[in-house]
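Residues per chain, in single letters:
Protein chains: 2
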Amino acid sequence: MTEPGGRSPIGVFDSGLGGLTVVRALLHDLPHEDLIYLGDTARVPYGTKSREAIVRFAEEGSSFLLGKGIKLLVLACNTMSATALPELASTMGVPVVGVIDPGVEEAIRVSVGGRIGVIGTSATINSQAYRRSIQTRRPEWLVFSQACPLFVPLVEEGWEESEVAVMTARQYLAPVVAQGIDTLVLGCTHYPLLIPTLRRAVGTALRIVDSATQTSREVRDLLARLALENPGPASPMRCYLTDIPPSFIGVADRFLGRPVTHVERVSLPS
Amino acid sequence: MTEPGGRSPIGVFDSGLGGLTVVRALLHDLPHEDLIYLGDTARVPYGTKSREAIVRFAEEGSSFLLGKGIKLLVLACNTMSATALPELASTMGVPVVGVIDPGVEEAIRVSVGGRIGVIGTSATINSQAYRRSIQTRRPEWLVFSQACPLFVPLVEEGWEESEVAVMTARQYLAPVVAQGIDTLVLGCTHYPLLIPTLRRAVGTALRIVDSATQTSREVRDLLARLALENPGPASPMRCYLTDIPPSFIGVADRFLGRPVTHVERVSLPS
Numbered sequence: 001m002t003e004p005g006g007r008s009p010i011g012v013f014d015s016g017l018g019g020l021t022v023v024r025a026l027l028h029d030l031p032h033e034d035l036i037y038l039g040d041t042a043r044v045p046y047g048t049k050s051r052e053a054i055v056r057f058a059e060e061g062s063s064f065l066l067g068k069g070i071k072l073l074v075l076a077c078n079t080m081s082a083t084a085l086p087e088l089a090s091t092m093g094v095p096v097v098g099v100i101d102p103g104v105e106e107a108i109r110v111s112v113g114g115r116i117g118v119i120g121t122s123a124t125i126n127s128q129a130y131r132r133s134i135q136t137r138r139p140e141w142l143v144f145s146q147a148c149p150l151f152v153p154l155v156e157e158g159w160e161e162s163e164v165a166v167m168t169a170r171q172y173l174a175p176v177v178a179q180g181i182d183t184l185v186l187g188c189t190h191y192p193l194l195i196p197t198l199r200r201a202v203g204t205a206l207r208i209v210d211s212a213t214q215t216s217r218e219v220r221d222l223l224a225r226l227a228l229e230n231p232g233p234a235s236p237m238r239c240y241l242t243d244i245p246p247s248f249i250g251v252a253d254r255f256l257g258r259p260v261t262h263v264e265r266v267s268l269p270s
Numbered sequence: 001m002t003e004p005g006g007r008s009p010i011g012v013f014d015s016g017l018g019g020l021t022v023v024r025a026l027l028h029d030l031p032h033e034d035l036i037y038l039g040d041t042a043r044v045p046y047g048t049k050s051r052e053a054i055v056r057f058a059e060e061g062s063s064f065l066l067g068k069g070i071k072l073l074v075l076a077c078n079t080m081s082a083t084a085l086p087e088l089a090s091t092m093g094v095p096v097v098g099v100i101d102p103g104v105e106e107a108i109r110v111s112v113g114g115r116i117g118v119i120g121t122s123a124t125i126n127s128q129a130y131r132r133s134i135q136t137r138r139p140e141w142l143v144f145s146q147a148c149p150l151f152v153p154l155v156e157e158g159w160e161e162s163e164v165a166v167m168t169a170r171q172y173l174a175p176v177v178a179q180g181i182d183t184l185v186l187g188c189t190h191y192p193l194l195i196p197t198l199r200r201a202v203g204t205a206l207r208i209v210d211s212a213t214q215t216s217r218e219v220r221d222l223l224a225r226l227a228l229e230n231p232g233p234a235s236p237m238r239c240y241l242t243d244i245p246p247s248f249i250g251v252a253d254r255f256l257g258r259p260v261t262h263v264e265r266v267s268l269p270s
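In order, the protein sequences belong to chains A and B. Just so we're aligned, residue 1 is where the first sequence starts under this note's numbering, counting upward by one. Just so we're aligned, residue 1 is where the second sequence starts under this note's numbering, counting upward by one.
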């Protein structure tokens, strides 16, 4: 296999389609880069599964993308970033960027009081990855976490701005809001679509941080530092999915903000 | 492999843990039978995935159970029964019982007006399997269907009797109730846990049909007809799962009404 270079693509790996919110930011910030997306839609969601299963799935998907000659891997999934990033980073042979540290950097930049709420899937919250990442940088800050397993299905159903979503958000967030948090970190790539609902549930005073923009900036800086930028022009993104469910088109378009073309079904392990 | 006989176990296959509501009925009606349960918890849910993926998963799981020497296979999952039953029934070499026809038989027994509502996963509703099964038996009856993708996550979160669940049920069911249905078929093994909430959402006049009890009676009758009954005594059920998530114990106990013992993790395809 040829050594990856500047003209090689960036691999973006997610458990399903939520990672397309990160792709959206990458397409905006890095228009000259080639992107390859892998969504493990046959096994989605990861967030309710065991750490052991998530690590295995993450290794299988990463190997698939490595086989496509990527120069950098983005784990565009908080669940994988929280549970499998250290293992992958040490074995992949290309730089691996997760979505947790970028979100944490942004939270640290905007928080005025050092009281941070974090919401995500059960696996992400149980991993304590956000708490560790925040408290490594700011040991005196307080972190209040809440798993919100119903948010992903609500978004995938297209109910993200419904009364049901607002009531669900109020129920999940009441305990962390009661702790006087000043900043809320969206620890799941589906959650940016819930921002209007979260505003209705928790008011407008809270700062809400999502990691897509910050992750894309970290990728840009890293490519510059490693002199791995693509002079362009970029080819259209190739999208590999382990299943193409009937709901794919609608959900994908909402996450990406434009149609997904060049879709191919693949099996993992490949 | 020895030919399966009366002392061989019954295999029960579900995409996850919902099929344990069917196991509950089987344990009640067939206390002398040995049961082997397979839950594909690494890839659950099936109901939002493509027909092609569901058929492949169903074949892989059924082969696994066949390898354990089962005498009869219960597809304790509406999504699989709706999409994969005909293929499996013709290739398995042992009788295959799904959950759809038993539910339909029961609906036909209790309906007073021949206007039937059916709720289930997207894959089950899209398959039109309930409509076909009802209209084959009663061509003049009317069937009104509604996919309810949020019901499974609500039950798995333990929110099945919450205000959020009631509001969700009202939203999903309003269109079918407006059609003047007299009977509502629960086309998903998770939904029996929602019956109190469905009653609050649609009132007490509707007849609500779930297929677990009727499926278990069909298995009993079939074993008697084929002279494949187990004289007993039964061994404890063996439970094979493709993933053992942290939430397993709580969810399994609620579905089964007693603790699940003898659990083993396996890989599919095996």
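Hints in this document: simulated from the structure, not taken from any laboratory. The beta carbon of each residue, even a glycine, is placed where N, CA and C say it ideally should be. Please note that the accuracy of each hint is not assured.
FRET-style restraints, in silico, Cβ to Cβ [to be verified]:
# : chain 1 : residue 1 : chain 2 : residue 2 : range
1 : A       : G250      : B       : R137      : 45 to 55 Å
2 : A       : T204      : B       : R170      : 51 to 61 Å
3 : A       : S63       : B       : P31       : 29 to 39 Å
Sample of chain A residues with no beta-carbon within 10 Å of chain B, all distances over it, derived [what the hints assert, rightly or not]:
# : residue
4 : R24
5 : R138
6 : V164
7 : R220
8 : R254
Okay, the hints, checked on the actual structure:
no.: 1; hint: A/G250 / B/R137: 45 to 55 Å; verdict: violated (35 Å)
no.: 2; hint: A/T204 / B/R170: 51 to 61 Å; verdict: violated (29 Å)
no.: 3; hint: A/S63 / B/P31: 29 to 39 Å; verdict: violated (48 Å)
no.: 4; hint: R24; verdict: holds (22 Å)
no.: 5; hint: R138; verdict: holds (28 Å)
no.: 6; hint: V164; verdict: violated (5 Å)
no.: 7; hint: R220; verdict: holds (34 Å)
no.: 8; hint: R254; verdict: holds (15 Å)
Hints 1, 2, 3, 6 from the list above are not met by this structure, while the remaining hints are.
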